[in-house]
Amino acid sequence: MSEGFTEIWVYLAASPLLGLTLTLVAYQVGMWIYTRTNLNPLFNPVLIAVVVLVALMMGTGTEYGTYFEGAKFVHFMLGPATVALAVPLYRQFQKVRGSFLMILAAILSGSVTAALSAIGVAWALGASRETLLSLAPKSVTAPIAMGIAEATGGVASLTAVLVILTGIIGAVFGTWTLNALGVKDWRARGLAMGTASHGIGTARALQVNEVAGAFASLAMGLNGLATAVLLPLILQLIF
Amino acid sequence: MTLGFITWLLVFQLLGEVISKGLGLPLPGPVVGMALLFVVLVVRGDLPDGLKDTAAGLLKHLSLLFVPAGVGVMMHLHLLQDEWQAISVALLVSTLATIAVTALVMKGLFKLSGKPEEETSDE
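Protein sequence lines correspond, in order, to chains A and B.
Following our numbering, the numbering of the first sequence begins with 278 at its first residue and continues without gaps.
Following our numbering, the numbering of the second sequence begins with 5 at its first residue and continues without gaps.
It is worth saying that the hints were derived from the structure and are not from the lab.
C-beta atoms are modelled at their ideal positions from N, C-alpha and C, and glycine is treated no differently.
Please note that a few of the clues may not be correct.
[Unchecked claim] Estimated spans, in silico, between C-beta atoms of each pair: (1) 516/A <-> 82/B: 16 to 26 Å; (2) 515/A <-> 86/B: 18 to 28 Å; (3) 56/B <-> 375/A: 16 to 26 Å; (4) 291/A <-> 15/B: 29 to 39 Å; (5) 44/B <-> 283/A: 45 to 55 Å; (6) 64/B <-> 285/A: 31 to 41 Å; (7) 79/B <-> 294/A: 19 to 29 Å; (8) 401/A <-> 64/B: 36 to 46 Å; (9) 401/A <-> 27/B: 31 to 41 Å; (10) 430/A <-> 86/B: 14 to 24 Å; (11) 89/B <-> 514/A: 25 to 35 Å.
[As the list claims (entries may be wrong)] Here are some of the chain A residues that sit facing chain B, going by a computed Cβ distance under 10 Å: (12) 397; (13) 401; (14) 405; (15) 418; (16) 432; (17) 443; (18) 470; (19) 501; (20) 510.
Based on the provided sequences and hints, a complete structural model is requested.
Structure representation (structure tokens):
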């Protein structure tokens with residue numbers, strides 16, 4: 278790195294403009310790659326953006342706090358966006374009112390399975406308490422999962438990454454698992470994808486079938502609510 | 005996206021924060037705000053077009069919004085480095101188990117209730 282470039286970087290890094298611009302550019306690079314690979318879940322745009330930005334910050338020795346001074350403007354929108362999730366939830370809810378209780382029961386079973394199996398397996402393999410608490414809400418959509426992690430003593434940023442990895446695993450292996458189990462009902466298939474792997478699973482379900490996509494989207498919203506309520510109780514019981 | 009409905013979303017978030025903190029709930033404020041807005045919509049039985057468009061605009065790039073927090077993982081890379089085996093096995097097992105349990109419970113309940121399988125896959 279030349280002397281001049283370093284000076285310019287140090288100057289710019291001190292201004293919020295750089296963190297904000299880099300976030301938008303990195304995300305769009307991620308989106309570009311994701312679209313180019315025909316929406317292959319392995320090329321998740323958020324994961325690409327995070328890897329690019331972490332590499333850039335560490336490579337230039339820039340502190341996370343400096344980056345966040347700019348990125349916080351994007352981060353702030355998470356709150357209102359989480360509230361806005363009520364809108365798709367309401368729209369899907371309207372379509373399935375008749376079987377709502379059954380659907381809720383299935384999602385609750387998934388929510389408890391997700392938290393207990395993640396904590397159980399990681400604990401058996403010697404994971405730290407910090408990791409266990411960050412892992413527990415991993416099946417929930419990231420904005421809600423990060424809020425849950427913060428409220429229950431996990432590391433929100435680690436949760437964000439684990440949530441994305443969970444989504445990718447669900448999108449890659451979901452169809453295979455459901456076929457192996459002989460589940461053919463699109464409603465049950467979509468619901469399982471949305472409960473286990475939130476928005477990324479929902480995107481995958483939508484690619485395959487419209488009914489599955491609608492049920493996945495409903496499951497994503499309800500599992501967010503269900504886990505936010507249940508997880509603190511579950512954690513109280515086991516820790 | 006209209007300013008009025010953005011304001012409503014912020015008002016619901018603020019209400020959520022106040023309720024959550026006020027009652028000492030272990031729930032994130034925005035999630036309480038989302039639940040409140042959902043209940044209001046169900047009670048109203050109607051979704052204003054402006055709110056529908058505002059939410060759609062905001063949610064279109066929902067995944068962009070958690071990039072800044074995700075980058076924060078750079079401060080916790082040691083956790084990923086030291087515990088990657090436990091983390092990856094847990095993620096894989098737990099995600100597949102969750103898919104299996106949810107799908108089988110849903111399938112079983114639909115069968116019990118005698119609701120016909122409206123559409124089935126032939127994958």
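Here's how the hints hold up against the structure:
no.: 1; hint: 516/A <-> 82/B: 16 to 26 Å; verdict: 22 Å, holds
no.: 2; hint: 515/A <-> 86/B: 18 to 28 Å; verdict: 22 Å, holds
no.: 3; hint: 56/B <-> 375/A: 16 to 26 Å; verdict: 23 Å, holds
no.: 4; hint: 291/A <-> 15/B: 29 to 39 Å; verdict: 35 Å, holds
no.: 5; hint: 44/B <-> 283/A: 45 to 55 Å; verdict: 53 Å, holds
no.: 6; hint: 64/B <-> 285/A: 31 to 41 Å; verdict: 34 Å, holds
no.: 7; hint: 79/B <-> 294/A: 19 to 29 Å; verdict: 23 Å, holds
no.: 8; hint: 401/A <-> 64/B: 36 to 46 Å; verdict: 40 Å, holds
no.: 9; hint: 401/A <-> 27/B: 31 to 41 Å; verdict: 35 Å, holds
no.: 10; hint: 430/A <-> 86/B: 14 to 24 Å; verdict: 19 Å, holds
no.: 11; hint: 89/B <-> 514/A: 25 to 35 Å; verdict: 27 Å, holds
no.: 12; hint: 397; verdict: 8 Å, holds
no.: 13; hint: 401; verdict: 8 Å, holds
no.: 14; hint: 405; verdict: 7 Å, holds
no.: 15; hint: 418; verdict: 8 Å, holds
no.: 16; hint: 432; verdict: 5 Å, holds
no.: 17; hint: 443; verdict: 5 Å, holds
no.: 18; hint: 470; verdict: 7 Å, holds
no.: 19; hint: 501; verdict: 7 Å, holds
no.: 20; hint: 510; verdict: 9 Å, holds
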